[in-house]
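Asks: Chain by chain, the residues run as shown.
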Amino acid sequence: MNRNAATKLLAEKLTNEVVVTNLGQATLEMQQVRDRDLNFYTFGSMGQCSSIALGIAQARPDVRVVSLDGDGSLLMNLGLLTTIANQAPPNLSVVVWDNEVHQTTGGQPTATGLRTSLAAIAVGAGFEHVLQPQNEEELSAAFNRILNEDGPFFVEVKVDPGPAAGEMGRDLMWYKLRFMRALAALHR
Amino acid sequence: MTTEGWHLAIADALRRNDIRYFATVPDFIISQVLHHLWEDETCHVVTSSREEEGLGMLSGAYLAGKRGALLMQNSGLGNCVNTLASLNIALQIPVVMVISHRGDVGEYNAAQVPMGQAAERILEACDVRYVTPHTVEEFEAEADGLIKLAYTRNLPVAFLLPNDLTGGRYSK
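Protein chains in written order, with this note's numbering: chain A, 1 to 188; chain X, 1 to 172.
Derived by calculation from the structure, the hints in this document are not laboratory data. Source: prediction; values computed, not measured. No residue lacks a Cβ here, since even glycine has one placed at the ideal position from N, Cα and C. Treat each hint with caution, since some may be false.
Below 25 Å or equal to it, Euclidean Cα-Cα: the simulated PhoX-like pairs (lysine-lysine) are [stated by the list, open to error]:
| id | chain 1 | residue 1 | chain 2 | residue 2 |
| --- | --- | --- | --- | --- |
| 1 | A | K176 | A | K8 |
| 2 | A | K176 | X | K148 |
| 3 | X | K66 | X | K148 |
| 4 | A | K13 | A | K176 |
| 5 | A | K158 | A | K13 |
| 6 | X | K66 | A | K176 |
Stretches of chain A that chain X covers, calculated by requiring three or more beta carbons in the stretch to come under 8 Å of a beta carbon on chain X [what the hints assert, rightly or not]:
| id | stretch |
| --- | --- |
| 7 | 37–45 |
| 8 | 73–87 |
| 9 | 124–131 |
The shape of chain A in the complex, shown without the other chains:
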């Protein structure tokens, strides 16, 4: 699947959900597809995208949180999957754009292009809901589930390698404050 199309498919279904995006491609793609106040973009701290999403989900159990992580980053912090599975916040979903490469640094291969399955690791970590959509129709159905049903969900989405188009907005503090104000303004 194409990551840009997959991001658009999610973006058009979003209403009042928080989306946390992983540094590099997921952040740039979401900025380009649908920049919105309830997006929290990460630009560094590789591996922590879904940790941040877990903290938001536990602090605001009334809000649905979707983490758009990457295979290279998640491989750096696999232990997090055990924390999420055992904390089991029903309002959290981890979606991994798995392109099997470190795209942002030049496309060097990751373990998921070899013998490693993040979906299988999520099952082993204790996730009850692990989805592996194989085409856009299944992906659309998966997004409908994570936006409407109790999780936590783990969604492995195999996407084609290649950089996202466009220029990344890098005003970290402005994005942070915009996000905090929008989330605080969302009524409990």
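Since the structure of chain A is already known, use the hints to place chain X on it.
Replies: Then chain X, alone, in the frame of chain A:
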């Protein structure tokens, strides 16, 4: 000058400053603080697989309006450095770190010593304001002020707990 009840003093200082969300990778020393938090129904303590992960979680909670503290050993400070710098400091996301200090005077495990000796310089290299209270009185004199500073400036702060406060951990 007393050290008795140091662990309750720390738990109480965190709680009276409205901190109810905690991440930890426990050790023998810090567990004495954790016991007070574990048995408090108003506190949520998450044991993360790695300290850096706890920092990510607490940062997310702060963005959503909740204060948090990370309880760990100084070895965990080493595991935190990149996230501390690129998330908490770069984006001004406050967090209170409570760090047991292994690898200093009285240490029996040689593997602990290099990180123990580096701990203060790691905090200084990251410009993290920290205190090293040696008694409960010293802790009480600085605790509220240090936590307040974290949320005034929106930056991480640390309590680095020396052995003479905590009793440390000695080999039998």
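Asks: All hints, please: hold or fail.
Replies: Verification of the supplied hints:
1. Between K176 of chain A and K8 of chain A, the direct Cα distance comes to roughly 23 Å. Compliance with the 25 Å bound is thereby established for this hinted pair.
2. At roughly 21 Å between alpha-carbon atoms, K176 of chain A and K148 of chain X fall within 25 Å of each other, so this suggested pair holds.
3. A threshold of 25 Å between alpha carbons decides the hint, and for K66 of chain X with K148 of chain X the separation of about 15 Å falls inside it, so the pair holds.
4. Between the alpha carbons of K13 of chain A and K176 of chain A the distance comes to roughly 23 Å, so the proposed pair stays at or under 25 Å and holds.
5. Restraint check: the Cα-Cα separation between K158 of chain A and K13 of chain A comes to about 20 Å, which is no more than 25 Å; the hinted pair holds.
6. The hinted pair formed by K66 of chain X and K176 of chain A meets the criterion: a straight-line CA distance of about 15 Å does not exceed 25 Å.
7. Only residues whose beta carbon comes within less than 8 Å of a beta carbon in chain X count, and the stretch 37–45 of chain A has 5; three or more means the coverage holds.
8. Under the rule that three or more residues need a Cβ within less than 8 Å of chain X, the assignment of the stretch 73–87 of chain A holds, with 6 such residues.
9. Check on the stretch 124–131 of chain A: 0 of its residues sit with their Cβ under 8 Å from a Cβ of chain X, so the three-residue criterion for coverage is violated.
Violation of the numbered hints given earlier is confined to hint 9; every other hint is satisfied by the structure.
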